[in-house]
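Chains as they are written, first to last, in my numbering: chain A, 1 to 90; chain B, 1001 to 1477.
Derived by calculation from the structure, the hints in this document are not laboratory data. Predicted, not measured: the structure shown is a model, and the values here were computed from it. Do not rely on the hints blindly, as some may be mistaken.
Not the full set, but computed from the structure, chain A residues with beta-carbon under 7 Å of chain B [what the hints assert, rightly or not]:
{"#": "1", "residue": "Glu52"}
{"#": "2", "residue": "Arg56"}
{"#": "3", "residue": "Leu64"}
{"#": "4", "residue": "Arg82"}
{"#": "5", "residue": "Val83"}
Residues from chain A that keep clear of chain B, each with C-beta distances beyond 12 Å, as calculated [what the hints assert, rightly or not]:
{"#": "6", "residue": "Met1"}
{"#": "7", "residue": "Leu12"}
{"#": "8", "residue": "Asp15"}
{"#": "9", "residue": "Met20"}
{"#": "10", "residue": "Gly26"}
{"#": "11", "residue": "Glu29"}
{"#": "12", "residue": "Asp32"}
{"#": "13", "residue": "Leu39"}
{"#": "14", "residue": "Glu40"}
{"#": "15", "residue": "Gly41"}
{"#": "16", "residue": "Val42"}
{"#": "17", "residue": "Val48"}
{"#": "18", "residue": "Asp58"}
{"#": "19", "residue": "Arg61"}
{"#": "20", "residue": "Asp78"}
Here a beta-carbon is modelled for each residue, glycine too, at the ideal position from N, C-alpha and C.
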Amino acid sequence: MLHVARLARLKLTEDEVETMTGDLSGILEHVDRISNLDLEGVEPTSHVVALENVWRADEPRPSLPPEVALASAPEPQDGAFRVPSPQADA
Amino acid sequence: MAELEAVIGLEIHVQLATKTKMFCGCELSFGDEPNVHTCPVCLAHPGVLPVVNEQAILYALQIAAALGCEVAPRSIFHRKNYFYPDSPKAYQISQYDTPIAGAGRLGDVRIHRAHLEEDAAKMIHAGESGRIHGSSASLVDFNRGGTPLVEIVTEPDLRGAAEAAEWARLLRETVRQLGVSDVNMEEGSLRVDANVSVRPAGTETLGTKTELKNMNSFRFLQRGVEAELERQRRLIESGGEVEQETLHFDPQSGSLTSLRSKEEAHDYRYFPEPDLVAIAPTEEMARTARESLPELPAARIERYVGEGLARDVAAVLAADPETAAYFEQVSTDVSGVEPKVVANWVTGELAAALRAAGGGTAAESKVTPAALAELITLVARKTISHGSGKTVLAALVEEGGDAQVIVEREGLAMGDDDGDLESIVAAAIAADPAAAEQIKAGNGKAIGSIVGAVMRETSGRADGGDVNRLIRAQLGL
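With these hints in hand, go ahead and build the complete structure from the sequences.
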């Protein structure tokens, strides 16, 4: 549970850890039930829409003006998004 | 202890030279101001949907065809989840267990797979210039974020650092000639990572591997792999064990540093990208890709070897399509000269003359294929000597023009009848009786002084072989 929380960058309180451990177990049990079904010859379903080969032509479309792109950046610098060093996060 | 054999596999990221990004219509460019090619899709604003760039699929199919890969009848995209500021969605759209291209081969190396994905944004690490370690803040430029990439993964078939670098060059030439990427390592449009391990020679089990990143030239690739092989051999020979890790090569110091801490073991939790439907290349798409292939270096080398060229000469000519086309044009224009003779002129005398004049390629030079063909024919017919041929070539490199015109202007043609040459040879022998005696006594080297005298007398126009023959004939040998 804590490993999954860490991968998702979630800080959980002890109560939350307890609730979510229960929830996650329920989900895993459900997956287990599916795993026990006889699915011989059934293709895995990756998508629920029966579409293939949806694409666009390689034609440029206007990009955002940089000031608009950076409008939601808390700390823009030199036209870029300034972020804390990712090494400090490790 | 048995000798430790190198086992190397490569992962090559190729940025595709499409006009726009993989999943949005932002233009691709290199070296622009930061964040001028972004939109809600490549900045991962909520609620946006990616749409696949058709050209990227077509380019990937061309790469697959060039590498002889099986094309998957149906492949899908996956999300590769990780947190890093270069990926605003907190996942990279990539391919996982159903890549667009499966097993293939280039030269002696088997291709494991090739798949499509999107490039990450560019991080500029403040504080220290370009160094990741020790910087306190980073700047993110999303111009590159979302660039279409094909990642090519080889089987661990390479057995040395030099061999790995050489094969990577062949791959780059192959991709370059497809015209699907700029393949510029310094600008990052071709990036090579190496998986390196060692094992006792003769065994089959793979040792623990490390992954080397950041080698932005073939020379650094070779040096990085050499350094890592050396490190692993020393470690094992002193009783240690190789740890699986990612290493960052610093070309300045030639050292390798561990990039990620161990507790950050990769756990990408791949799952199918629900926003993108499957790719099912039609037979027509696959055929178009196959038919669009130019003749690639590996095939061209074989063709040249079949025409009688030495393999190393064939490889030099085949590596660059313009040089190859130049060589083939000269071969067509000469008369009565073997392709291998032409090849030796192009890779030998012409290359040397160009170097002496400051560099440049044959195709860019002032020496037209027709002029070189005429020159080679003149030498082959012994109208001029080989030495005079080099003089003419130097003049062609300098001023361009016509070989025959230069031969006449410089008076380099050898006499039509051998009479003149015979009398010059006779005079040279008469002038140096000591050398003549030595030659008759079996000292072959002594002939050099008489040949030299004849060459001086004829200003180098005489053919060395003919002069040798005449001297021996006149001495009754």
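### Query
Would the least Cβ to Cβ distance between glycine 41 of chain A and chain B come out above 12 Å?
The claim stands: glycine 41 of chain A keeps its Cβ more than 12 Å from every Cβ of chain B (closest is about 17 Å).
### Assertion that leucine 12 of chain A lies outside the chain B interface [Cβ separation over 12 Å]
holds, 16 Å
### Query
With 7 Å as the cut and Cβ atoms as the points, is arginine 56 of chain A at the interface with chain B?
holds, 5 Å
### Task
Check the non-interface label on valine 42 of chain A: least C-beta distance to chain B beyond 12 Å or not.
Holds, because the least Cβ-Cβ distance between valine 42 of chain A and chain B comes to about 16 Å, which exceeds 12 Å.
### 12 Å Cβ clearance of methionine 1 of chain A from chain B
At roughly 14 Å from the nearest Cβ of chain B, methionine 1 of chain A sits farther out than 12 Å, so the non-interface label holds.
### Query
Is the shortest C-beta separation between arginine 82 of chain A and chain B less than 7 Å?
Since chain B brings a Cβ to about 6 Å from arginine 82 of chain A, closer than 7 Å, the hint holds.
### Message
At 12 Å, judged by beta carbons, does aspartate 58 of chain A keep clear of chain B as stated?
### Response
violated, 4 Å
### Check on glutamate 29 of chain A being off the interface with chain B, judged by Cβ distance over 12 Å
holds, 19 Å
### Query
Any Cβ of chain B at or closer than 12 Å to arginine 61 of chain A, or is the non-interface label fine?
violated, 3 Å
### Task
Hold the hint about leucine 64 of chain A up to the distance rule: shortest CB distance to chain B must be less than 7 Å.
Hint holds; leucine 64 of chain A Cβ to chain B Cβ min 6 Å, cut 7 Å.
### Query
Is it the case that valine 48 of chain A keeps its Cβ farther than 12 Å from each residue Cβ in chain B?
violated, 8 Å
### Message
At 12 Å, judged by beta carbons, does leucine 39 of chain A keep clear of chain B as stated?
### Response
Correct as stated: the minimum Cβ-Cβ distance to chain B is 17 Å, above 12 Å.
Of the numbered hints listed earlier, those contradicted by the structure are 17, 18, 19 and 20.
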